[in-house]
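Line by line, the protein sequences are chains A and B.
The opening position of the first sequence corresponds to residue 1 in this note's numbering, with each subsequent residue numbered one higher.
The opening position of the second sequence corresponds to residue 1 in this note's numbering, with each subsequent residue numbered one higher.
No wet-lab data here; the hints were simulated from the structure.
Among these hints, one or two may not hold up.
The list cannot tell twin chains apart, which means a pair is met if one copy fits it or any two copies do.
[Unchecked claim] Cut-off 20 Å, straight-line C-alpha distance, at most; resulting in silico cross-link-like pairs (EDC-like, lysine to aspartate or glutamate):
id	residue 1	residue 2
1	Lys196	Glu335
2	Lys209	Glu59
3	Lys244	Glu193
4	Lys244	Asp143
5	Lys196	Glu80
6	Lys244	Glu192
7	Lys196	Glu210
8	Lys244	Asp25
9	Lys299	Glu199
10	Lys196	Glu161
11	Lys196	Glu342
12	Lys244	Glu194
13	Lys299	Glu323
14	Lys209	Glu193
15	Lys244	Asp223
16	Lys244	Asp157
17	Lys144	Glu247
18	Lys327	Asp25
19	Lys244	Glu323
Given next are the chains, with one letter for each unit.
Protein chains: 2
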Amino acid sequence: MNADPLSSATSPPALTLTLDAEGGDRAPEEIVAGALLAASPALRILIVGRPSVVEPFLEGADTRHVELVPSTTVITSHMEPAHAVKTLSDSSIVVGARTVAEGRSLGFVSAGSTGAMVAAGILILKRESGVRRPAIVTTLPGDKGPVVLLDAGANADCRPEHLFEFGMLGAAFARSVLGVAEPRVGLLNIGEEEGKGNELARASFGLLKESGLAFVGNVEGRDILSGIADVVVTDGFTGNVTLKLLEGCAASLFGRMRAAASSSWRARVGGLLLRPALRGLRRDLDPEVYGGTYLLGVKGLVVICHGNSTRRAVANALLFGAEALRKGVLPAVAEEVSRLKERKGAGEEGPEIPAAG
Amino acid sequence: MNADPLSSATSPPALTLTLDAEGGDRAPEEIVAGALLAASPALRILIVGRPSVVEPFLEGADTRHVELVPSTTVITSHMEPAHAVKTLSDSSIVVGARTVAEGRSLGFVSAGSTGAMVAAGILILKRESGVRRPAIVTTLPGDKGPVVLLDAGANADCRPEHLFEFGMLGAAFARSVLGVAEPRVGLLNIGEEEGKGNELARASFGLLKESGLAFVGNVEGRDILSGIADVVVTDGFTGNVTLKLLEGCAASLFGRMRAAASSSWRARVGGLLLRPALRGLRRDLDPEVYGGTYLLGVKGLVVICHGNSTRRAVANALLFGAEALRKGVLPAVAEEVSRLKERKGAGEEGPEIPAAG
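Could you build the full structure based on these sequences and the hints that come with them?
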């Protein structure tokens, strides 16, 4: 409302992000509303979608900081992602990714098909040099602060060198976005000792140990939230189960608490008195507040929102995305990758990260 | 205290179970105390351990329904399980498993090394005919009642035919122990549609679909507790992460609730009023109340308790184990396995469960 702070010398430089208006269960209305909430002189938003679908939701709004970029079709979750991205060149996801690849925007946000966003990141934005497998990184509400988890679902089948890369990507994210000087990296596993786990975890342990990262060893499921590691690395199958299980567990517990708090008059009064204090807890655990997950390891910022995202979640995803860019997440990833590639090159392991499986 | 009901015509027949007094973080004191809590004319308990270690905790107690079976050494979690079971023939786990193999007891309970219990189950009790991979089955506190999860950690690396077997074992458990007439079996996966997931999940989907079980398709992490399946099948790595993550998530949320409930006077009063209602919730989510996890698919009942088990957890594990035996869990497993083997034999797939990978 007050333009002065934004035009002052300390205001952040203006950024441009692209938003897929056609992705998500609540598209386009809530998505477009999220863009209008987040847009400002400091954050310009390219809204991609069919004009006939999007324009009604822009009518009467302040559109000074948004721009409609037309697409003609939509990729749905039921399509095979890579095939859809290759063939539907006028879809909102492909058009949106192209705005980043062409330098018109620094990042792309969508609540649409996760698989298509990963495919668009790899096929259109292209991988960061030295990265074999871009990964989805997410921030969990740990007991002592945020915990970075990856891969949360980009790579269902992984090899040990991929988990090694995830360690690098996660450390770069924790360092740049969360400001952790030397992130402690742990491997999600089913026992504390080295030598425990499945074949993938056992082989990954050795690579992470030699990685030059601050590797703290295995982290069991019960310790993910306890804060013994800043970054927890796993394959995209286990990571996606973990992320969704935490969501389900929080929902289940809040549901049971609500039931318990209406089981008697005494409990009902207690629940009312406790409600303001619990509101903060709910907010801490609300995936909407975190706004989204990032695909790291591609040339540009890719933010993948929950399919169920409301305008608030979309706005937060845009604002957090802009913040991550200002904090330098992309150069941090590039730097970490080249630093560790050099280290590997100088070590006993030879110039190549060893392949397994 | 009142002997009448136990000697009446409706009293259950006396059972014998074996307990490893030397396994678990709180051994031997809490373990032996758990045996004394659970022992009764209806449940006789063979306590395995070094006499010098166990006897002090039996002194002065009512030992009419317990018997000390001497061992000389202990297998620890740091030893390679199969090697330890093969070489330490006088260890409490091996001696205990032998009491079942020799018919002196119907089942074996331990809070010691999970790996060693699995190895002892397979090497000493032997696998049920037709079962390739015995699995650890556990019961989670779902929103609409118990949810059976397996494998919770016996097999870190699995092939699709193993997950098919887990479906059979889990269905047998749900039918006999939980009384679910036709258990709905789901596959833990990272998407709802067929074709989603890693290689293992995609191949397992096809086998489970053709299994003759009431297969309900993929279950995502967020739906494990919601009750869309009675039995959730996964590999032992993902299952173990799932089990421990739920434990960690519940602990984390209760810790945060405690903190929220002491953040102000108002919240403190609310917390006190709400406490009785939340006590039931805590109990529902307390792994001690469930008592333990079962290794299914071997000839005898094997109950693996949490390493941290108290006397209450040990007593519950013994009582639930006896109840599972009375409900016929072992014949149910044998029957389910032979029923599905026959079904497979009659189908197009040939007499063998197809092997993959």
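For lysine 299 vs glutamate 323, is the C-alpha pair at or below 20 Å within one copy, between two copies, both, or neither?
Intra 17 Å, inter 59 Å, cutoff 20 Å: intra-copy only.
Please sort lysine 244 with glutamate 193 into within, between, both or neither, judging by C-alpha distance up to 20 Å.
between (26 Å within a copy, 16 Å between copies)
Please work out whether the CA atoms of lysine 209 and glutamate 193 approach to 20 Å or closer within one copy, between two copies, in both situations, or in neither?
For lysine 209 and glutamate 193, the Cα distance is within 20 Å only inside one copy (13 Å; across copies 37 Å).
Are the CA atoms of lysine 327 and aspartate 25 at most 20 Å apart within a copy, between copies, both, or neither?
neither (30 Å within a copy, 46 Å between copies)
Given a CA cutoff of 20 Å, do lysine 196 and glutamate 342 count as a within-copy pair, a between-copy pair, both, or neither?
neither (29 Å within a copy, 37 Å between copies)
Identical-chain pair category, lysine 196 with glutamate 80, by Cα at 20 Å
between (35 Å within a copy, 10 Å between copies)
Identical-chain pair category, lysine 244 with glutamate 192, by Cα at 20 Å:
between (23 Å within a copy, 12 Å between copies)
I want to check one pair: lysine 244 and aspartate 25. Are their C-alpha atoms no more than 20 Å apart within a copy, between two copies, both, or neither?
within (17 Å within a copy, 31 Å between copies)
Classify it for me, lysine 244 with aspartate 143: is the Cα-Cα distance of at most 20 Å met within a copy, between copies, both or neither?
Cα proximity of lysine 244 and aspartate 143: in one copy and across copies (18 Å, 16 Å).
Treating 20 Å as the Cα threshold, decide for lysine 196 and glutamate 335: within, between, both or neither.
neither (32 Å within a copy, 34 Å between copies)
When Cα atoms must be at most 20 Å apart, do lysine 196 and glutamate 161 count as within-copy, between-copy, both, or neither?
Only inside one copy: lysine 196 and glutamate 161 sit 18 Å apart there, 23 Å across copies, limit 20 Å.
At most 20 Å between C-alpha atoms: does lysine 244 with aspartate 157 qualify within a copy, between copies, both, or neither?
within (18 Å within a copy, 22 Å between copies)
In this structure, the hints that do not hold are numbers 1, 2, 9, 11, 18 and 19, in rising order.
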